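Following the hints, position chain Y against chain H.
What follows is the residue order along each chain.
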Amino acid sequence: MKPKPISPIHSTQYLQIKDATISFDTPRGKYTAVKNFNLTIKRGETISIIGHSGCGKSTILNAIGGLVKLTQGEVILGGVTVDAPGPDRGIVFQNYSLLPWLSVYANIYEAVDSVLTGKTKAEKAAIVESFLKKVNLWEHRDKKPAQISGGMKQRVAIARAFAIQPEVLLLDEPFGALDALTKSSLHEELVTLLSLDNQTDTVVIVTHDIEEAIFLSDRIVVMTNGPEATIGEIIDVPIPRPRDKREIIHLREYVEIHDRLLYLLMDAFAVHRKVAA
Amino acid sequence: MKDEIVLRETWPKTTLRHFTFAALKQRIIGIGQSTLWMLAGFSVLLVWWGLASSVSAGALPGPLATMKVLWQLVSDPFYDNGPNDKGIGIQLFSSIVRVFIGFGLGSLVAIPMGVLIGANEICKKLFYPLVQLLRPVSPLAWFPIGLAVFKHAGEATIFVIFITSLWPTLINTSFGVASVPDDHRNVAKAFGFSKGKYLTKILIPFSLPHILTGLRLSIGVAWLVIVAGEMLSGGIGIGFFVWDSWNALSLERVMSAILLIGIVGLLLDRGFDFIARKFSYT
Numbered sequence: 129m130k131p132k133p134i135s136p137i138h139s140t141q142y143l144q145i146k147d148a149t150i151s152f153d154t155p156r157g158k159y160t161a162v163k164n165f166n167l168t169i170k171r172g173e174t175i176s177i178i179g180h181s182g183c184g185k186s187t188i189l190n191a192i193g194g195l196v197k198l199t200q201g202e203v204i205l206g207g208v209t210v211d212a213p214g215p216d217r218g219i220v221f222q223n224y225s226l227l228p229w230l231s232v233y234a235n236i237y238e239a240v241d242s243v244l245t246g247k248t249k250a251e252k253a254a255i256v257e258s259f260l261k262k263v264n265l266w267e268h269r270d271k272k273p274a275q276i277s278g279g280m281k282q283r284v285a286i287a288r289a290f291a292i293q294p295e296v297l298l299l300d301e302p303f304g305a306l307d308a309l310t311k312s313s314l315h316e317e318l319v320t321l322l323s324l325d326n327q328t329d330t331v332v333i334v335t336h337d338i339e340e341a342i343f344l345s346d347r348i349v350v351m352t353n354g355p356e357a358t359i360g361e362i363i364d365v366p367i368p369r370p371r372d373k374r375e376i377i378h379l380r381e382y383v384e385i386h387d388r389l390l391y392l393l394m395d396a397f398a399v400h401r402k403v404a405a
Numbered sequence: 174m175k176d177e178i179v180l181r182e183t184w185p186k187t188t189l190r191h192f193t194f195a196a197l198k199q200r201i202i203g204i205g206q207s208t209l210w211m212l213a214g215f216s217v218l219l220v221w222w223g224l225a226s227s228v229s230a231g232a233l234p235g236p237l238a239t240m241k242v243l244w245q246l247v248s249d250p251f252y253d254n255g256p257n258d259k260g261i262g263i264q265l266f267s268s269i270v271r272v273f274i275g276f277g278l279g280s281l282v283a284i285p286m287g288v289l290i291g292a293n294e295i296c297k298k299l300f301y302p303l304v305q306l307l308r309p310v311s312p313l314a315w316f317p318i319g320l321a322v323f324k325h326a327g328e329a330t331i332f333v334i335f336i337t338s339l340w341p342t343l344i345n346t347s348f349g350v351a352s353v354p355d356d357h358r359n360v361a362k363a364f365g366f367s368k369g370k371y372l373t374k375i376l377i378p379f380s381l382p383h384i385l386t387g388l389r390l391s392i393g394v395a396w397l398v399i400v401a402g403e404m405l406s407g408g409i410g411i412g413f414f415v416w417d418s419w420n421a422l423s424l425e426r427v428m429s430a431i432l433l434i435g436i437v438g439l440l441l442d443r444g445f446d447f448i449a450r451k452f453s454y455t
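Chains as they are written, first to last, in my numbering: chain H, 129 to 405; chain Y, 174 to 455.
Pulled out of the complex, with its shape left as it was, chain H reads as follows (with noise of 0.2 angstroms):
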């Protein structure tokens, strides 16, 4: 399967939020999470959206997704305006969202069956397989979520969005609850597949990790805090790739990115309480 030709313009506009507004009607009135987001991906690029709890990243992540309609402004993929889920986009959610009455491999082959219509029953079984195999959980493949660690049920959901064959895979927050060693090697996992894969290159996630940010990234967008959340500076990350997660830490950059992140995210967009909760 090859990615679809697309001309040079939308390549280096591939995924356009623009001017994005989006409020909610609450039993308080309306609530405005996020006010005039613009940001332009370019195809290939793996952005990163951190911020505080609460400052609708998350938000930005569904509109994206299709999954939340935008007050104002668009998202436009490829040069077509979005505002429904599509086949295009993959999405890996924040609570891993396995359904719990179906195996590991029905909970990847139902999405395939429902996505790729097109193709026979052996193609689609071959797909589940092959997106297993990659994530290391052909074994377990009979088991019911409830079986399996938070780690390997994290590994389903990847697998699950990777095995639509998307353009776009959107995290949201992906391993937050999940240890350090565990989301180091599932770091390094991502890595890899997205490496591997010729159809899945544009990645968007949303994250409260610094240390996630910098490994994953081309470019680190970070949020100022909501109500109406905005973009408060977008950071490169000029790190050559492949990244190894041992050394990339000694390296001046991303001392200088890391210290930067900590100072926007604890001083210049510091949460601040009146009252600890």
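A portion of the hints provided could be inaccurate.
Unchecked claim - Pairs of lysine-lysine residues, derived as DSSO-like cross-links and limited to a Cα-Cα distance of at most 27 angstroms, are as follows:
1. Lys-272(H) <-> Lys-451(Y)
2. Lys-271(H) <-> Lys-362(Y)
3. Lys-249(H) <-> Lys-362(Y)
4. Lys-298(Y) <-> Lys-362(Y)
5. Lys-298(Y) <-> Lys-197(H)
6. Lys-262(H) <-> Lys-373(H)
7. Lys-362(Y) <-> Lys-163(H)
8. Lys-368(Y) <-> Lys-197(H)
9. Lys-262(H) <-> Lys-362(Y)
10. Lys-146(H) <-> Lys-362(Y)
11. Lys-368(Y) <-> Lys-247(H)
12. Lys-261(H) <-> Lys-370(Y)
13. Lys-197(H) <-> Lys-170(H)
14. Lys-197(H) <-> Lys-370(Y)
15. Lys-362(Y) <-> Lys-261(H)
16. Lys-247(H) <-> Lys-370(Y)
17. Lys-451(Y) <-> Lys-271(H)
18. Lys-252(H) <-> Lys-362(Y)
19. Lys-370(Y) <-> Lys-252(H)
20. Lys-297(Y) <-> Lys-197(H)
21. Lys-158(H) <-> Lys-146(H)
22. Lys-370(Y) <-> Lys-158(H)
23. Lys-370(Y) <-> Lys-297(Y)
24. Lys-249(H) <-> Lys-271(H)
25. Lys-368(Y) <-> Lys-298(Y)
Just so you know, the hints here were simulated from the structure itself, not pulled from any lab data. This structure is a prediction, so every number in the text was calculated from the model and none was measured.
Relative to the frame of chain H, chain Y by itself:
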């Protein structure tokens, strides 16, 4: 080399045997203890029953007299001496058949209605007030309607059971369907599940435990209502048997019937509980 193989073969076996033996012992002790408590409870009941019988100077039959009659009844449960004299087994069986027909028909209506009300806001607005209005009505109030429509007491009783079985199933189903978590809905949206796939892979599996709870409650209430229903309808059935025994002034038979009704009710409840456990996914 040989030693190693022997070790690997014997070690798990012995631990396995040890483990199952300990577990079995624990289990037998557990069952033994709960049986003792149960027997103690029955003894309390028997003493209390005997006292009540002697205080009432024999108006209430005592345990011994009742057991004699109960033994007579269960020793020849399926005799049939014409319309007004049938064995207790035939009576119980006909009640159970009526309950299952009424309950089955009720479930066939209640589950789809519950899915509709739970999944569709308009259906909820349209039908939920009706459900709330009709649910508190004693199902027996529908008996005359059933008689008028079906002309026969037997069918009218099944109609009453049908009405009885609707509400718990309908309400639990609609609750289950309405409480599908956003996480699951988002999976369906993000991966473009068709309506059919959403129904069979998310909505039904998620609601199944709720539906089974509803069915279990429904069959319980249906078994309660059948006795009263058959007292009204007459002819055949355990409810008719209770009323007929009262008319024949045999309270021993009434007490025996009460015990048997309790046992059947317990078995129905355990049966549905067993099925519900089979389908629980957590």
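So, going through the hints one by one against the coordinates:
1. Lys-272(H) <-> Lys-451(Y): holds, 15 angstroms
2. Lys-271(H) <-> Lys-362(Y): It holds: about 24 angstroms lies between the C-alpha atoms, which stays within 27 angstroms.
3. Lys-249(H) <-> Lys-362(Y): Roughly 22 angstroms between the alpha carbons, so the hint for Lys-249(H) and Lys-362(Y) holds.
4. Lys-298(Y) <-> Lys-362(Y): Cα-Cα ~25 angstroms, so holds.
5. Lys-298(Y) <-> Lys-197(H): Given that 27 angstroms is the threshold and the Cα spacing comes to 26 angstroms, the pair holds.
6. Lys-262(H) <-> Lys-373(H): Distance of about 21 angstroms is within 27 angstroms: holds.
7. Lys-362(Y) <-> Lys-163(H): holds, 25 angstroms
8. Lys-368(Y) <-> Lys-197(H): Holds, at roughly 21 angstroms.
9. Lys-262(H) <-> Lys-362(Y): holds, 25 angstroms
10. Lys-146(H) <-> Lys-362(Y): holds, 23 angstroms
11. Lys-368(Y) <-> Lys-247(H): Answer holds: Lys-368(Y) to Lys-247(H) is near 20 angstroms, not above 27 angstroms.
12. Lys-261(H) <-> Lys-370(Y): Judged against 27 angstroms, a Cα distance of about 25 angstroms means the pair holds.
13. Lys-197(H) <-> Lys-170(H): Judged against 27 angstroms, a Cα distance of about 23 angstroms means the pair holds.
14. Lys-197(H) <-> Lys-370(Y): Within the cut-off at roughly 24 angstroms; holds.
15. Lys-362(Y) <-> Lys-261(H): holds, 26 angstroms
16. Lys-247(H) <-> Lys-370(Y): holds, 17 angstroms
17. Lys-451(Y) <-> Lys-271(H): holds, 17 angstroms
18. Lys-252(H) <-> Lys-362(Y): Roughly 20 angstroms separates the two Cα atoms, so the pair holds.
19. Lys-370(Y) <-> Lys-252(H): holds, 16 angstroms
20. Lys-297(Y) <-> Lys-197(H): Holds - the C-alpha atoms of Lys-197(H) and Lys-297(Y) are around 25 angstroms apart, at most 27 angstroms.
21. Lys-158(H) <-> Lys-146(H): holds, 21 angstroms
22. Lys-370(Y) <-> Lys-158(H): violated, 35 angstroms
23. Lys-370(Y) <-> Lys-297(Y): Holds: Lys-370(Y) and Lys-297(Y) sit about 23 angstroms apart, inside 27 angstroms.
24. Lys-249(H) <-> Lys-271(H): With Cα atoms ~21 angstroms apart, Lys-249(H) and Lys-271(H) stay inside 27 angstroms; holds.
25. Lys-368(Y) <-> Lys-298(Y): Holds: Lys-368(Y) and Lys-298(Y) sit about 22 angstroms apart, inside 27 angstroms.
Consistency note: the structure conflicts with earlier hint 22 alone.
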